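Respectively, the protein sequence lines represent chains B and D.
Start counting the first sequence at 0; every next residue gets the next number (numbering that gives the first Met the number 0).
Start counting the second sequence at 0; every next residue gets the next number (numbering that gives the first Met the number 0).
There may be inaccurate statements among the hints.
[Stated by the list, open to error] Where chain D lies over chain B, by a calculated footprint (3+ residues, C-beta under 8 Å):
(1) 62 to 68
(2) 99 to 111
(3) 146 to 154
[Claimed, not checked] Short, incomplete list of chain D residues facing chain B, as computed with Cβ under 10 Å:
(4) Leu-15
(5) Arg-16
(6) Glu-20
(7) Ser-25
(8) Leu-32
(9) Ala-33
(10) Thr-37
(11) Leu-115
(12) Ile-124
(13) Arg-203
(14) Ala-204
No lab work stands behind these hints: they were computed from the structure.
None of the values given here were measured: they were computed from a predicted structure.
All C-beta atoms, glycine included, are put in the ideal place defined by N, C-alpha and C.
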Amino acid sequence: MEFEEYASARGQELVRLGFTISGDYQRAEDLAQIALMQAFRSWRKVQRADDPHLYVRRILINSYLSMTRRRSFTEAPAADLDTDRTVPDPATDIVNSDDLWRALATLSARERVVLVLRYYQDLDDRTIADLLGIKPSSVRATASRALAALRKTRQSHRVDERLS
Amino acid sequence: MSKTELETVLELEDGLRATFERAAASVPLAADLAGRATAGAQNAQRRTWLASGTAAAAVAVIAAIGFSLHSSSQSDPQPAASNPTPAVSNASAPAATAQTVTGSWRPVRLNGFTALKTARPEDPIITFNADGTWIGSDGCNALSGTYSIGQRGEFTSKSNGQRLVGCENVPHTAVLLATTRITSDKTNLTFFAGDGREVARYARAR
């Protein structure tokens with residue numbers, strides 16, 4: 000498969016993956032583009048991989064995790080935003096309507112990535128472990144911790160809703 | 000884990016699947032990802048080449064200075080063949096013949112053209128055929144024409160014209176049209192203008 004063929008067929012899937020792990024559409028597009036650029040530069044190597052799409056997804060996930068480790072990632076802009084001029088974000092609807100999506104934002108980047116790979120990409124723990132360069136037992140522990148945190152967050156939201 | 004807890008976990012897992020599916024479905028279609036990724040990668044590669052080219056040029060300058068200092072410290076004059084200036088060394092190369100130029104050549108240096116290493120859709124190679132025709136690519140467009148070589152390397156050529164598609168086109172045609180004399184050994188081909196200045200140098204393509 001040639002690069003253009005792959006990018007046309009799978010590019011949008013990469014943007015979707017980027018969105019589910021980051022919750023930010025602009026960042027999702029950036030991540031997809033970074034992953035495709037890196038894949039393009041070593042396309043022969045990607046082609047030789049057992050699963051080229053998994054290889055490119057690995058690039059995307061690792062790029063995102065590297066990004067989240069940078070200090071600038073968590074820095075908030077100091078200036079006030081002009082709300083009349085902000086670009087509409089497709090994530091707004093889902094944020095407003097889905098408490099689980101909101102709860103995902105409270106997880107660490109790695110926890111969220113594990114849940115996305117498990118429940119959106121339907122990858123088994125061994126493949127996730129290989130993709131993240133960690134042990135399968137660490138994947139299970141991370142997923143378990145993340146699920147517990149989500150349950151707790153949802154319960155507290157429900158209590159808040161009942162009280163209000 | 001109790002039955003209620005298990006049901007809660009399963010409900011949460013189903014909820015996560017549904018949430019991720021809805022989130023993914025809400026993502027608008029990204030335009031021309033392949034084109035943007037390709038262009039981005041090529042720009043990055045160009046910057047790398049530029050940096051390595053600058054470093055190579057710096058090394059070459061230092062080497063040339065070192066060589067000239069070494070040469071000036073010796074009493075005996077150096078033979079012309081050992082002079083690092085390529086125009087001089089190739090001027091003494093044997094005159095090209097139709098036999099020695101036949102084959103494919105890739106540009107190594109073109110006078111006044113600095114974008115040789117830019118990534119292009121096609122290899123910018125030129126091929127001289129034994130029947131007096133030449134064909135090639137400037138990196139984006141197919142080129143062709145005819146040529147003739149005299150007994151002392153006198154060179155003339157004609158171009159069949161080309162369809163211009165925008166890229167950093169390697170100006171093979173301009174090189175051939177500016178050339179009046181050509182020298183070659185087994186691996187190098189050097190083109191000279193009427194005033195004796197080197198126009199371009201090509202190496203045999205594998």
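Task: Those earlier numbered hints the structure runs against, lowest number first - done: 1, 11, 12, 13 and 14
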